[in-house]
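Engineer: Read off the chains here:
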Amino acid sequence: MVLALGLVLTVAVVVYVGYPLFARQSVPVEDALELAIAQRRGKVRAAVAEPRASAGVTCPACGARNQADDKFCARCGRSLAQAQCARCGTAYDEGDVFCAKCGAPLNGRSR
Amino acid sequence: MTDIGYIAVLLAFVVAVYSAVAAVLGTREGFPELVASARRGAYAVGALVTLAVLVLAYALATSDFGLRYVYEHTSLDMALAYKLSALYAGNDGSLLFWAWILSLLSAVVVYRNRAERTFAPYVLATTMTILAFFTLLVALVASPFDRIPAAVDGLGMNPMLENVGMLIHPPALYLGYVGLTIPFAFAVAALVTGKLDGDWLRRARGWALFAWLMLGVGNVLGGQWAYAELGWGGYWAWDPVENASLMPWLIATAYLHAALVQKRRPMFRVWSMALVTASFLLAIFGTFITRSGIISSVHAYGQSSLGPFFLTFLGLVTVFSAGLIIWRLPTLGQGEELESFWSRENWVLITNIILVGSVLAVMFGTLYPLFSEMVGGRKIELGKDFYNQVDGPFLLAVIAVLGICPILAWRRSDNQRLVRGLAVSAGLAVVVGVVLAVLGVRQLIPLLAFVICAFVIFSHAGEWYRGTRARQRARGINPLAALGGMVWGNRPRYGAHVVHVAMAVIAIGVVGSTFFVSQAEANLKVGETMTVGGYTLKYEGMAEDATATREMVSATLSVWQGDRSLGAVRPEMIFHQSSDQPVSEVAINTNLREDLYVILAGWTADGTASFKVLINPLIVWIWIGGGLLLLGGLIAAWPETRALTLPVVDDKLEPAPSAA
Chain A
2 MVLALGLVLT VAVVVYVGYP LFARQSVPVE DALELAIAQR RGKVRAAVAE
52 PRASAGVTCP ACGARNQADD KFCARCGRSL AQAQCARCGT AYDEGDVFCA
102 KCGAPLNGRS R
Chain B
116 MTDIGYIAVL LAFVVAVYSA VAAVLGTREG FPELVASARR GAYAVGALVT
166 LAVLVLAYAL ATSDFGLRYV YEHTSLDMAL AYKLSALYAG NDGSLLFWAW
216 ILSLLSAVVV YRNRAERTFA PYVLATTMTI LAFFTLLVAL VASPFDRIPA
266 AVDGLGMNPM LENVGMLIHP PALYLGYVGL TIPFAFAVAA LVTGKLDGDW
316 LRRARGWALF AWLMLGVGNV LGGQWAYAEL GWGGYWAWDP VENASLMPWL
366 IATAYLHAAL VQKRRPMFRV WSMALVTASF LLAIFGTFIT RSGIISSVHA
416 YGQSSLGPFF LTFLGLVTVF SAGLIIWRLP TLGQGEELES FWSRENWVLI
466 TNIILVGSVL AVMFGTLYPL FSEMVGGRKI ELGKDFYNQV DGPFLLAVIA
516 VLGICPILAW RRSDNQRLVR GLAVSAGLAV VVGVVLAVLG VRQLIPLLAF
566 VICAFVIFSH AGEWYRGTRA RQRARGINPL AALGGMVWGN RPRYGAHVVH
616 VAMAVIAIGV VGSTFFVSQA EANLKVGETM TVGGYTLKYE GMAEDATATR
666 EMVSATLSVW QGDRSLGAVR PEMIFHQSSD QPVSEVAINT NLREDLYVIL
716 AGWTADGTAS FKVLINPLIV WIWIGGGLLL LGGLIAAWPE TRALTLPVVD
766 DKLEPAPSAA
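The listed protein sequences correspond, in order, to chains A and B. Numbers 2 to 112, taken from the working numbering, label the letters of the first sequence in order. Numbers 116 to 775, taken from the working numbering, label the letters of the second sequence in order.
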């Protein structure tokens, strides 16, 4: 009885803790880190990139619309500067770890 | 079924180790999934240890005497609250309790910093490593889940512990001790990542304040408990375990002040790192000496085999953190120079040196029995005279500095303002001294101490008065609104002021009750009287009462102060069935000036009762000061603005990559 319970407990813990490692497609977009993962996979890129194509800039943190030449978000103050991949020159979002076009590591891998 | 608790602790150990490794690996190698998994690990550890605690609590509540721990620490006649308090009454359970608090604090800190990517993984790894140590101890060396052949009734708790104090004092201190882990974890994270500017301090501040406050309040509560219940008339005995909780508190005080400077200017970085590490080490050290049996103390848990484990852990943590600090010394050492002697920075430094000095003195006294055994072969314990003479001056000096601080400015103080501010409060303090001397306080040391405390209080009152007046004039509002607005507008500053005044108030109580105690002992027959310190006590008679588990003998005395009747006091002696030793229940008649403290010491068959009566002057101010300490701490710790806790703003602190 106790052993069975212990086994159930162990399985539950392993599933819960291991979930982010195996559930590759269903990482919840709940915070900046998860957003970064999702962006890396191209899932959220479309949503963020689309409005940016028009005149204004959408803040990647809070989603507020800003003037095209604004340097900081008028609502939350986050920097709106676009960084570029050192190897191929493609713009990337803060939080990206690898360049989406050429796969080069961006700005050190430890971030 | 209780084995589930054991399994949960074992699982918690495994998950803690995994989370520590996963957090570091995921960050270093750039796998956010691994870090996300480590975060879940931290939550899981919290849940698992909670489950273990619930299992043990259930066993305690239902008196499952098949568990050795339940058998050794509870009995059927105990009230439910005290049965549950046995969670931390014994060695094994208290380690689990410690791990539980740490696991919950870790889960909270991980959740609050879930979007933070620089420090959070290393904070997580640090707390999980420490948790791994504690859960391993609980699982392998000191399991409260060991089974024995079931007994009918348990051994019960020491009757002196069956007191409301038992429900508040230990948990508060545990929260303080364990809370010190979180600032330490942030310090480790800052050292590892090399991000040594003020950011880690800002994130650690609330936790450090919380732990510091809990330790301070826990100690005052412990003093109150000892005073009201233990019946020896005192509240602090310089017992090794009391020292063990005082030392991290003093060091944490020093740290909070060093951090205050570092938040503003790049100074004292090595100091704050060393202090935050030392406060954590001292917390572990305190746990070590209570459990190793190397030093005898009223607080010590029974001798156990845990000593070597704690010593090893202590050694490893010391080497690890000292190594980190030395490694980062080239960066840490950079900073600005002090500009002026009369600057707040410099006086923070002076305070820190005094505080560290006082801790070294306490440490020396605490470990002296060991030294003397090593050198002379005999354990010699240093009594309270040693501490009072060595640490008294240190602490008095710190309090004196408190009086100067509110007037000092950062960088460099305006001399004129400084002199004017000091002159008024120092002048008033001297007037207080003269009045006290005229009233009969002629001993030099307490007179000096009272003058210093008065100086601190006037000095702060002056600042508040000037601040309120300025605000009142500027906004045309009433004084009360101006005062409230001023305090609420800069909570860290004015909360600290309240704490400083609280320390002076506590010091007044300590000095009064140390230097001016008068006492008398008398054997009285019914109708006879005794006088002590202006009080007349008349012995009216004795009564007996009994419940199923204990017998109480109470004596009634009517009390007069001069001609004025103060009613009756009833000191008691309680005989618990479960214990050979009677417990004395003292009667205390409190007013703001002094406590009348009556102990029933014994009686004979012919109706003579012996009493010990103490007059403890000013002692109530220690508890009032304790209340102020709590209030000031809460004001200072109240979150500054909601926005600061939002992850969006946290993100902003980190500039976008190659934005320039």
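Where hints are given, some of them may not hold.
[Claimed, not checked] No more than 30 Å apart at the CA atoms, straight line, and that leaves these computed lysine-lysine pairs for DSSO-like:
hint : chain 1 : residue 1 : chain 2 : residue 2
1    : A       : Lys-72    : B       : Lys-310
2    : A       : Lys-102   : A       : Lys-72
3    : B       : Lys-640   : B       : Lys-653
4    : A       : Lys-72    : B       : Lys-499
5    : B       : Lys-378   : B       : Lys-310
[As the list claims (entries may be wrong)] Covered, in the sense of this in silico footprint (three residues per stretch, anywhere, with C-beta under 8 Å from a C-beta of chain A), are these stretches of chain B:
hint : stretch
6    : 145-154
7    : 200-210
Don't read these hints as lab results, they were simulated from the structure. Source: prediction; values computed, not measured. The beta-carbon is built from N, C-alpha and C at its ideal position, and this holds for glycine as well.
Engineer: Each hint: holds or not?
Structural biologist: Evaluation of the provided hints:
no., hint, verdict
1, A:Lys-72 with B:Lys-310, "25 Å, holds"
2, A:Lys-102 with A:Lys-72, "25 Å, holds"
3, B:Lys-640 with B:Lys-653, "9 Å, holds"
4, A:Lys-72 with B:Lys-499, "65 Å, violated"
5, B:Lys-378 with B:Lys-310, "14 Å, holds"
6, 145-154, "holds (count 7)"
7, 200-210, "violated (count 0)"
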